[in-house]
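Chains as they are written, first to last, in the numbering used here: chain Z, 1 to 112; chain D, 1001 to 1112.
Some clues are possibly wrong.
Calculated cross-link-like contacts (lysine to aspartate or glutamate; reagent style DMTMM-like; alpha-carbon spacing at most 25 Å) [claimed, not checked]:
{"id": "1", "chain 1": "D", "residue 1": "Lys1003", "chain 2": "D", "residue 2": "Asp1026"}
{"id": "2", "chain 1": "D", "residue 1": "Lys1055", "chain 2": "Z", "residue 2": "Asp95"}
{"id": "3", "chain 1": "D", "residue 1": "Lys1003", "chain 2": "Z", "residue 2": "Asp83"}
{"id": "4", "chain 1": "D", "residue 1": "Lys1013", "chain 2": "D", "residue 2": "Asp1051"}
{"id": "5", "chain 1": "D", "residue 1": "Lys1055", "chain 2": "D", "residue 2": "Asp1098"}
{"id": "6", "chain 1": "D", "residue 1": "Lys1018", "chain 2": "D", "residue 2": "Asp1059"}
{"id": "7", "chain 1": "Z", "residue 1": "Lys26", "chain 2": "D", "residue 2": "Glu1100"}
{"id": "8", "chain 1": "Z", "residue 1": "Lys70", "chain 2": "D", "residue 2": "Glu1079"}
{"id": "9", "chain 1": "D", "residue 1": "Lys1071", "chain 2": "D", "residue 2": "Asp1098"}
{"id": "10", "chain 1": "D", "residue 1": "Lys1003", "chain 2": "D", "residue 2": "Asp1098"}
{"id": "11", "chain 1": "Z", "residue 1": "Lys70", "chain 2": "D", "residue 2": "Glu1100"}
{"id": "12", "chain 1": "Z", "residue 1": "Lys70", "chain 2": "D", "residue 2": "Asp1059"}
{"id": "13", "chain 1": "D", "residue 1": "Lys1053", "chain 2": "Z", "residue 2": "Asp95"}
{"id": "14", "chain 1": "D", "residue 1": "Lys1053", "chain 2": "D", "residue 2": "Glu1100"}
{"id": "15", "chain 1": "D", "residue 1": "Lys1018", "chain 2": "D", "residue 2": "Glu1056"}
{"id": "16", "chain 1": "D", "residue 1": "Lys1071", "chain 2": "Z", "residue 2": "Asp95"}
{"id": "17", "chain 1": "D", "residue 1": "Lys1018", "chain 2": "D", "residue 2": "Asp1098"}
{"id": "18", "chain 1": "D", "residue 1": "Lys1057", "chain 2": "Z", "residue 2": "Glu5"}
{"id": "19", "chain 1": "Z", "residue 1": "Lys70", "chain 2": "Z", "residue 2": "Asp95"}
{"id": "20", "chain 1": "D", "residue 1": "Lys1003", "chain 2": "D", "residue 2": "Glu1062"}
{"id": "21", "chain 1": "D", "residue 1": "Lys1018", "chain 2": "D", "residue 2": "Glu1079"}
{"id": "22", "chain 1": "Z", "residue 1": "Lys26", "chain 2": "D", "residue 2": "Glu1072"}
{"id": "23", "chain 1": "Z", "residue 1": "Lys56", "chain 2": "Z", "residue 2": "Asp83"}
{"id": "24", "chain 1": "Z", "residue 1": "Lys69", "chain 2": "D", "residue 2": "Glu1100"}
{"id": "25", "chain 1": "D", "residue 1": "Lys1070", "chain 2": "D", "residue 2": "Glu1056"}
{"id": "26", "chain 1": "Z", "residue 1": "Lys69", "chain 2": "D", "residue 2": "Asp1098"}
{"id": "27", "chain 1": "D", "residue 1": "Lys1055", "chain 2": "D", "residue 2": "Glu1072"}
{"id": "28", "chain 1": "Z", "residue 1": "Lys56", "chain 2": "D", "residue 2": "Asp1059"}
{"id": "29", "chain 1": "Z", "residue 1": "Lys56", "chain 2": "D", "residue 2": "Glu1100"}
{"id": "30", "chain 1": "D", "residue 1": "Lys1070", "chain 2": "D", "residue 2": "Asp1038"}
{"id": "31", "chain 1": "D", "residue 1": "Lys1057", "chain 2": "Z", "residue 2": "Asp95"}
{"id": "32", "chain 1": "Z", "residue 1": "Lys70", "chain 2": "Z", "residue 2": "Glu55"}
{"id": "33", "chain 1": "Z", "residue 1": "Lys26", "chain 2": "D", "residue 2": "Glu1056"}
{"id": "34", "chain 1": "Z", "residue 1": "Lys26", "chain 2": "D", "residue 2": "Asp1059"}
{"id": "35", "chain 1": "Z", "residue 1": "Lys26", "chain 2": "D", "residue 2": "Asp1098"}
{"id": "36", "chain 1": "D", "residue 1": "Lys1003", "chain 2": "D", "residue 2": "Asp1028"}
{"id": "37", "chain 1": "D", "residue 1": "Lys1070", "chain 2": "D", "residue 2": "Glu1100"}
{"id": "38", "chain 1": "D", "residue 1": "Lys1013", "chain 2": "D", "residue 2": "Glu1062"}
Everything labelled a hint here was simulated from the structure, so no lab data went into it.
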Amino acid sequence: SQQGEEDPQALSIQEGENATMNCSYKTSINNLQWYRQNSGRGLVHLILIRSNEREKHSGRLRVTLDTSKKSSSLLITASRAADTASYFCATPRMDSSYKLIFGSGTRLLVRP
Amino acid sequence: DVKVTQSSRYLVKRTGEKVFLECVQDMDHENMFWYRQDPGLGLRLIYFSYDVKMKEKGDIPEGYSVSREKKERFSLILESASTNQTSMYLCASRSPVDTEAFFGQGTRLTVV
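Same shape as in the complex, but just chain Z:
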């Protein structure tokens, strides 16, 4: 069963614009993680936000977490063509050995 669900499923923007992706989850969490996947490759961890944090920054990435709404957002500012990839949120299921459960992802296309 999916723990995180990303929205939108696909996003196409122009280079230089900002990209925002959202993630909703179902159960209690102690952290939420965002990953990136280039086409046909493995996933790479981007950023982790803990349940007691509301916002976190890393370079051009900004992640917010709203535990009352069970949702998170990933903002990529000043996007580049190299940001073209799929982005996934993931949560460790506290009720199940902290299994890491992923959503279906957002495919981001940044047009040059």
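Keeping the supplied structure of chain Z fixed, place chain D upon it in accordance with the hints.
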């Protein structure tokens, strides 16, 4: 540099064959995961191992088994490959439970 290595990038097998997918990590991580990834479905957890010889089923374990005889190696076994197991398979590891996961490069398996 941390590393998770999957034994093959591409694999073609025949229906009914027994298939072994191998994953090795060099980070002394307790937790290891096997996911499959299909278009539009995101990453779905097949099996999870939280320590040597310990395993738990994920969301889609049917048709698969796993082996973890040594801490660094986690094998996924398709007992009798079927065409609906054609997919991208991703291995990951992490430690401790509430941190990020590291992924291998993926194995694209085609069952004909």
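The hints, checked one at a time:
Using a Cα cut-off of 25 Å, the hinted pair D/Lys1003 and D/Asp1026 holds, with the two alpha carbons roughly 6 Å apart. A distance of roughly 16 Å separates the Cα atoms of D/Lys1055 and Z/Asp95; the hinted pair therefore holds under the 25 Å criterion. For a cut-off of 25 Å, the pair hint linking D/Lys1003 to Z/Asp83 stands: about 23 Å separates their Cα positions. Only pairs whose Cα atoms come within 25 Å are accepted, and D/Lys1013 paired with D/Asp1051 is rejected, the gap being roughly 30 Å.
With a C-alpha separation of about 18 Å, the suggested pair D/Lys1055 and D/Asp1098 falls inside the 25 Å cut-off, and the hint holds. Taking the CA atoms of D/Lys1018 and D/Asp1059, the gap is about 21 Å. The hint holds against a cut of 25 Å. Restraint check: the Cα-Cα separation between Z/Lys26 and D/Glu1100 comes to about 19 Å, which is no more than 25 Å; the hinted pair holds. Taking the CA atoms of Z/Lys70 and D/Glu1079, the gap is about 39 Å. The hint is violated against a cut of 25 Å.
With a CA separation close to 19 Å, the supplied pair D/Lys1071 and D/Asp1098 stays within the 25 Å bound. This hinted pair checks out: D/Lys1003 and D/Asp1098 have alpha carbons roughly 19 Å apart, not beyond 25 Å. For a cut-off of 25 Å, the pair hint linking Z/Lys70 to D/Glu1100 stands: about 19 Å separates their Cα positions. A distance of roughly 21 Å separates the Cα atoms of Z/Lys70 and D/Asp1059; the hinted pair therefore holds under the 25 Å criterion.
Simply put, D/Lys1053 and Z/Asp95 have alpha-carbon atoms about 21 Å apart, close enough for the 25 Å limit, and the pair holds. Taken as a hint, the D/Lys1053 and D/Glu1100 pair is honoured in the structure, with Cα atoms around 22 Å apart against an allowance of 25 Å. For the hint pairing D/Lys1018 with D/Glu1056, the CA-to-CA distance comes to about 21 Å; that is within 25 Å, so the pair holds. Straight-line distance between C-alpha atoms of D/Lys1071 and Z/Asp95 comes to about 24 Å, which keeps the hinted pair within the 25 Å bound.
Taken as a hint, the D/Lys1018 and D/Asp1098 pair is broken in the structure, with Cα atoms around 34 Å apart against an allowance of 25 Å. Annotation: proposed proximity of D/Lys1057 to Z/Glu5 holds, straight-line Cα distance about 21 Å (limit 25 Å). As the CA atoms of Z/Lys70 and Z/Asp95 are separated by approximately 16 Å, the hinted pair is consistent with the 25 Å bound. Taking the CA atoms of D/Lys1003 and D/Glu1062, the gap is near 28 Å; set against the 25 Å cutoff, the hint is violated.
For the hint linking D/Lys1018 to D/Glu1079, the alpha-carbon distance of about 5 Å falls within 25 Å, and the restraint holds. A hinted pair counts as satisfied when its Cα atoms are at most 25 Å apart, and Z/Lys26 with D/Glu1072 does not qualify at roughly 32 Å. The suggested pairing of Z/Lys56 with Z/Asp83 holds, with an alpha-carbon distance near 19 Å, which does not exceed 25 Å. The straight-line distance between the Cα atoms of Z/Lys69 and D/Glu1100 is roughly 23 Å, inside the 25 Å bound, and the hint therefore holds.
A distance of roughly 16 Å separates the Cα atoms of D/Lys1070 and D/Glu1056; the hinted pair therefore holds under the 25 Å criterion. The hinted pair formed by Z/Lys69 and D/Asp1098 meets the criterion: a straight-line CA distance of about 21 Å does not exceed 25 Å. Proximity of D/Lys1055 to D/Glu1072 is assessed by CA-CA distance (about 14 Å); at most 25 Å being required, the pair is judged to hold. Restraint check for Z/Lys56 and D/Asp1059: not satisfied, since their Cα atoms lie roughly 30 Å apart, outside the 25 Å limit.
Proposed proximity of Z/Lys56 and D/Glu1100 is supported: the alpha carbons are some 15 Å apart, at most 25 Å. Annotation: proposed proximity of D/Lys1070 to D/Asp1038 is violated, straight-line Cα distance about 29 Å (limit 25 Å). Using a Cα cut-off of 25 Å, the hinted pair D/Lys1057 and Z/Asp95 holds, with the two alpha carbons roughly 14 Å apart. At roughly 14 Å between alpha-carbon atoms, Z/Lys70 and Z/Glu55 fall within 25 Å of each other, so this suggested pair holds.
For the hint linking Z/Lys26 to D/Glu1056, the alpha-carbon distance of about 21 Å falls within 25 Å, and the restraint holds. Between the alpha carbons of Z/Lys26 and D/Asp1059 the distance comes to roughly 16 Å, so the proposed pair stays at or under 25 Å and holds. For the given pair, Z/Lys26 sits about 17 Å from D/Asp1098 by alpha-carbon distance, which is consistent with the 25 Å threshold. Taking the CA atoms of D/Lys1003 and D/Asp1028, the gap is near 11 Å; set against the 25 Å cutoff, the hint holds.
With a C-alpha separation of about 22 Å, the suggested pair D/Lys1070 and D/Glu1100 falls inside the 25 Å cut-off, and the hint holds. Distance hint between D/Lys1013 and D/Glu1062 is fulfilled; the C-alpha atoms sit about 18 Å from each other, no more than 25 Å.
Violated hints for the displayed structure, listed by number in ascending order: 4, 8, 17, 20, 22, 28 and 30.
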